[in-house]
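Asks: Given next are the chains, with one letter for each unit.
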Amino acid sequence: MFDLTNEPFQVTTPTAEVSWDFDAVPPLAPQYVTVEDQLIVKTICNGENNPILINLRILRPDGKVIPLQFAVKNTAGRTQAVQTFPLLEGFILSAAAVCSGTTSPTAYGFIEVGISRPPNTQFAQYSTLIAGYFKGGSVLSYPKMIPALPTDGPGLSFSQNLGNPGAGTDFVYTVPAGARQRIVGLSATLTTAVAAANRLPSLIIDDGVHTTIILPSNGTQAASLAYVYTWADSVQWLPLYDTKITAPLPSNLILQQGYRMRSATTGIQGADQWSGIWLQVTEWLDPQ
Amino acid sequence: MKTPVTPVLPVGATPDSDTFHIATLPSAVGFLHRAVQPPSQLYVESSDDLAVSCASSTTGEIVYVNYRLLRADGEVILGQFTVRPGNNRTPVFYSEGLAEGFLLSVSCRATVATTRGQTFVRIYLTDPALGAGQPSYVLLSDYVTTQLSPAHPGGRVLSPVEGPGHPYVVVCTPPGAGHDINTNVPANARWRVHGLLAFLTTDAVVANRLPGIGINTGGLSGFVGWCPSVIVASKGVEFGGAEFAPYVVATSNYAMLPLPPNLVALSGDYVGTVTAGLDPGDIWSQLELNVEEWLDNV
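If you're matching them up, the sequences are chains A and B in order.
Just so you know, the working numbering puts 1097 at position 10 of the first sequence, and the rest follows in order with no gaps.
Just so you know, the working numbering puts 174 at position 31 of the second sequence, and the rest follows in order with no gaps.
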């Protein structure tokens, strides 16, 4: 049995019993930096230049909280850019990365903010404050946010056009450098010339060297016709109807940079033409 | 020496005094209650503002924000204010100055939103020296509902596209005879299209119509799922589409169109029908989209 005792307890007292020590408060953050340290910012974005502002609050040794702001310029085209900024001695209380530019739904990028100490390079970054995707209006922060990887999250969905190949030539789509893409669907029109022959298009997926998947369209196209071929995630084979043929892609097909999707048209003739080639993709930036 | 144990009063009983007794074990640990270190890591200066951005797709939303601040004179100050976003998914901003001290906690609650994906709130510190509205410390960012109150400390800092969204049915405006249905994904929204239903009534003009469902992203062609059979004149056919569902040829008055799983459309995209051979007298109607929505760019 517990040895219970009685305590008189007075309620509704307006006076707090606890008093506070405001004169010798220990530093409020574990992230101590000196003038030898520097902020290192790595960014990669798709096609559009989004200016980013890094806002810091540093508790200086004299007790002053100093707000600092650094402007980061991105490099377009999924190419990683690295920039460094000097710091002052103190404790980093908080940091926030704000995309202050366009709010276009198709503009996005990935940012990592860390601390390193020269002459070491980014390979000697000893702390990561912020890592995650940014878009217009988004805010990433330290210390409350868990740093993310570029392959985290829902990705960005968009469509893109692939230019027409030459006559009599199959099309080739290559996943761009710095990207990882989920192929939701691919649609293309094959217009056959008058040369008599049966054309049998297939879609081939390879890593640039090794063919890994062959997806026949299950269609046969004779001369002087224009058929629309659609390969899409998890759909069934659909027989030819009104010049449309639908065929499946593997479910949740993720391709790394350098992987290719290309048509392979058995019986293609010199004047046949692939055109109207569109892809629906979900993309993650994936610097390598 | 033990003092006598007083039984605990039954619930609802009226105490005869505001002095009562509680039964506890004697503590083995003693705690400092004089010159205690502030119980918060979040020191704020008078130059700091507590700021909120909030966006919603609900009508009449009011978000209450409550905070507790340990002022430098030792007083704990309670603060409360409201933000009232419109239903257009556009963020509204509010900020108010703070006294020097330690921010103990912040929380918020919505009055309309009932599930994730509807009302997103971000609460942060800002210093005007950084520029108007520039966050310097994000305390929380998450969806808020009438039942769930994201808070600091202990709350999460999330992007609005993380986690589950808001599932609902979008009833599309009939486009008029001879036109396909095009439904615009609203600004600052992201849809995952789980399924759809639509009705096509063809006129008496003899021709084959081949309906499809499609997504048009950023003004560019995207995915189109074609019907596995043509529709002739003077027919009324209901079309369905759902992720992973096998197609159904329109042999009677129903057809199923292929729809890839996890088909996402962003603001500015269009979701709707694409009909090869649509006649001026044909009418699409009753298009309903089953979507899951997240706020985006907020």
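Treat the hints with caution; some may be incorrect.
[Stated by the list, open to error] Beyond 12 Å from chain B on every Cβ pair, some chain A residues (computed):
hint	residue
1	P1148
2	I1300
3	T1307
4	L1312
5	L1336
[Stated by the list, open to error] In silico contact screen, one side only, chain A against chain B (beta carbon under 10 Å); selected entries:
hint	residue
6	Y1119
7	V1120
8	V1122
9	F1210
10	A1211
11	Y1220
12	I1291
13	I1301
14	L1302
15	A1319
16	I1332
Hints were generated in silico from the structure; no laboratory data involved.
Just so it is clear, the structure is predicted and the values come from calculations on it, not from any experiment.
We treat Cβ as the ideally placed atom computed from N, Cα and C, and that holds for glycine.
Asks: Compare the structure with the hints numbered earlier in the document and write down the numbers of the violated ones, lowest to highest.
Replies: 5, 6, 7, 8, 9, 10, 12, 13, 14
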